[in-house]
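**Q** Take a look at the letters that make up each chain.
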Amino acid sequence: MEILKLAQLMLDGLGETMYMVLVSTSIAYVIGLPLGIVLCITDKEGIRPNRVLNAVLGFIVNMLRSVPFLILLVAIMPFTRKVVGTTIGSTATIVPLIVGSAPFIARMVESSVKEVDSGVIEAVQSMGTPDFKIITKVLIPEAKPSLIMGAAIAITTILGYSALAGFTGGGCLGAIAVNYGYYRYKTDVMLVTVLLLVIIVQIFQEVGMYITRKTDKRIK
Amino acid sequence: MIQLEHLNKTYTSERSEVEALSDISLTINDGEIFGIIGLSGAGKSTLVRCINFLERPTGGKVIFDGRDMASLSHKELLAARRQMSMIFQGFNLLSQRTVLRNVCFPMEIEKGRSRSEITAKAMDLLRTVGLEDKADSYPSQLSGGQQQRVAIARALATDPKVLLCDEATSALDPTTTQSILSLIKRINREMGVTVIVITHEMKVIEQICDRVAVLDHGLIAEQGNVRDVFIHPKTEISRNLILPQGEVTEFIPGERCLRLVFDGETLLEPVISTMTMECKCKVNILFANTKIIDSRTYGQMLIQMPEDELAQERIMAFLEDKNIDFREETADGNTETGSADA
Ligand SMILES: Nc1ncnc2c1ncn2[C@@H]1O[C@H](COP(=O)(O)OP(=O)(O)OP(=O)(O)O)[C@@H](O)[C@H]1O
Ligand SMILES: [Mg+2]
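Protein chains in written order, with my numbering: chain A, 1 to 220; chain B, 1001 to 1342.
If you're looking for bench data, these hints aren't it; they were derived computationally from the structure.
Where hints are given, some of them may not hold.
Quick list of in silico lysine-lysine cross-link-like pairs, BS3-like style, CA-CA up to 25 angstroms [what the hints assert, rightly or not]: (1) B/1111 x B/1121; (2) B/1185 x B/1203; (3) A/133 x B/1203; (4) A/186 x A/44; (5) B/1185 x A/137; (6) B/1203 x A/137.
Just some of the chain B residues that point at chain A, by a computed CB distance under 8 angstroms [claimed, not checked]: (7) 1029; (8) 1031; (9) 1054; (10) 1058; (11) 1059; (12) 1086; (13) 1088; (14) 1094; (15) 1134; (16) 1138.
Cβ coordinates follow ideal geometry from the N, Cα and C atoms, glycine included.
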């Protein structure tokens, strides 16, 4: 294949991958962040213990997390069609990406927020801070470095999932690797694609670590 | 200011019940510094947490400023908590906020306060605790003593009536402990804040408290003026806390020993050497834990008296004359406490 055509293919793939990953990560966080916080505060050690709610949400999250992504992708196709009107293409892949990653994000948020020192929470409670303010002014800001680190992990995981979505015909890098490398034995195209994916993962990871280090006021 | 009436707190888990507090009745007066002392696990932290209802007592009443804490609505309870600030052994500052913004925190929660007003007040408070130059540092860049000063400034931001201190100096070295205790005393005197000091160290109590309650296994063993409890401890546990076991090893049976108590009334002077000169006899110092603050002596000393009975009379007369409190300790009494502890 000529180099120009390959470059064009890669560029399109990259653009589409970014679109899918960023959009689904954002929406997954809109669901996962509050869910993770609710899981944390309704825990029996949390600021609003609620055994039933915690158990129900915990069960749903665990269930979704234990379904392999490829199966989830296929299983929720009827739902995907309802939401975006189609089951193929990048936009259609965003739906399963969100469903697959939101529970995972919720668990990561939960564990980040649980790391906040219980003494600090006790201190702000002793000042009569309402629970909602504890969440917005204490739990999230104090867990921020850890949350950012988690976001970097989430984004790379979603990137991995998005490659699988190649099977359903998205135009992302993962799809290119599958279509050219797996179906058409074009090893060179596959190798370039994989290399590109490795670089993207590295960048996300490094940027995440860098921001974490910059924001965390505990180390210095 | 605060009355506790037959307070009970039982922790129930599936398999066991722990009675952390039983039948605690105390009255804490306006403007005083009240000490609560007890060994680890005595229930001290549980008691403070019950006072501001971070923990709901399972029985009894907490009356704060004439109102039963249990009768307050959630909103009123939050407001009441702002009237009794708390400081901790672990400082518990917000690690991602600067010193200044930590002090701002309690005011940010209040409705309708402008940012500039809050910042100005926080700066004032930092000045009070002597840390205005650290305003833009983060807690991790401060020493323990400095962090506790920030915590105190933060605790004062709500203009509380009461300051609850749970082992506030236990993580600090002796010199830093001194400066934090002086600061607490100054706040009590200058701002009229009532203070409750929780500690396991008698030296904290003797230095700043007016009255003390001794907590032992969830029960109040005794309470009274620090001076009285200190000089005439009625219970085993108080004796143990006052004269820590293991510190006095050289108790010789049959010898008469005196415990001298300095509660700041004695001015700085070489009491013992004056005594030996004036009474013309020698004494053996078995244990001493005294401190001189503002040229006043605090602490205690255990001396062994000479065998000569006349000399003993002279010593006691001398001490009475100098207005130094003392109490005779016998070797038997001490052995008894030792074995009861084992
Ligand atoms: N949440 C809890 N659940 C069950 N038991 C508890 C709980 N909190 C405290 N206890 C028990 O209550 C008793 C008193 O504990 P507390 O923390 O009040 O002691 P303390 O006097 O503050 O001790 P320390 O000096 O070590 O801080 C202990 O026996 C402890 O095990
Ligand atoms: Mg404690």
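**Q** All hints are to be evaluated individually against the structure, with a verdict given for each.
**A** Here's how the hints hold up against the structure:
For the hint pairing residue 1111 of chain B with residue 1121 of chain B, the CA-to-CA distance comes to about 16 angstroms; that is within 25 angstroms, so the pair holds. Restraint check for residue 1185 of chain B and residue 1203 of chain B: satisfied, since their Cα atoms lie roughly 14 angstroms apart, inside the 25 angstroms limit. The hinted pair formed by residue 133 of chain A and residue 1203 of chain B fails the criterion: a straight-line CA distance of about 39 angstroms is larger than 25 angstroms. Straight-line distance between C-alpha atoms of residue 186 of chain A and residue 44 of chain A comes to about 55 angstroms, which puts the hinted pair past the 25 angstroms bound.
Proposed proximity of residue 1185 of chain B and residue 137 of chain A is contradicted: the alpha carbons are some 32 angstroms apart, above 25 angstroms. Taking the CA atoms of residue 1203 of chain B and residue 137 of chain A, the gap is near 38 angstroms; set against the 25 angstroms cutoff, the hint is violated. Hint on residue 1029 of chain B is violated. Least Cβ distance to chain A is approximately 22 angstroms, over the 8 angstroms limit. Annotation: residue 1031 of chain B was flagged as interfacial toward chain A, and the flag is violated, the nearest CB pair being 21 angstroms apart, outside 8 angstroms.
With 8 angstroms as the threshold, the beta carbon of residue 1054 of chain B comes within range of chain A, its nearest partner Cβ sitting at about 6 angstroms, so the hint holds. A least Cβ separation of about 17 angstroms between residue 1058 of chain B and chain A goes past the 8 angstroms threshold, and the interface hint is therefore violated. With a least beta-carbon distance of about 22 angstroms to chain A, the hint placing residue 1059 of chain B at the interface is violated under the 8 angstroms criterion. At about 4 angstroms, the closest approach between the beta carbon of residue 1086 of chain B and any beta carbon in chain A falls short of 8 angstroms, and the interface hint on this residue holds.
Satisfaction of the interface hint for residue 1088 of chain B is found here, the shortest Cβ-Cβ separation to chain A being roughly 6 angstroms, below the 8 angstroms cut-off. The closest approach between the C-beta of residue 1094 of chain B and any C-beta of chain A is roughly 6 angstroms, which is under the 8 angstroms cut-off, so the hint is satisfied. Because the closest C-beta pair between residue 1134 of chain B and chain A is about 14 angstroms apart, greater than 8 angstroms, the hint is violated. Interface restraint check: residue 1138 of chain B against chain A, minimum CB-CB distance 4 angstroms, threshold 8 angstroms, status holds.
Checked against the numbered hints above, the structure breaks hints 3, 4, 5, 6, 7, 8, 10, 11 and 15 and satisfies the rest.
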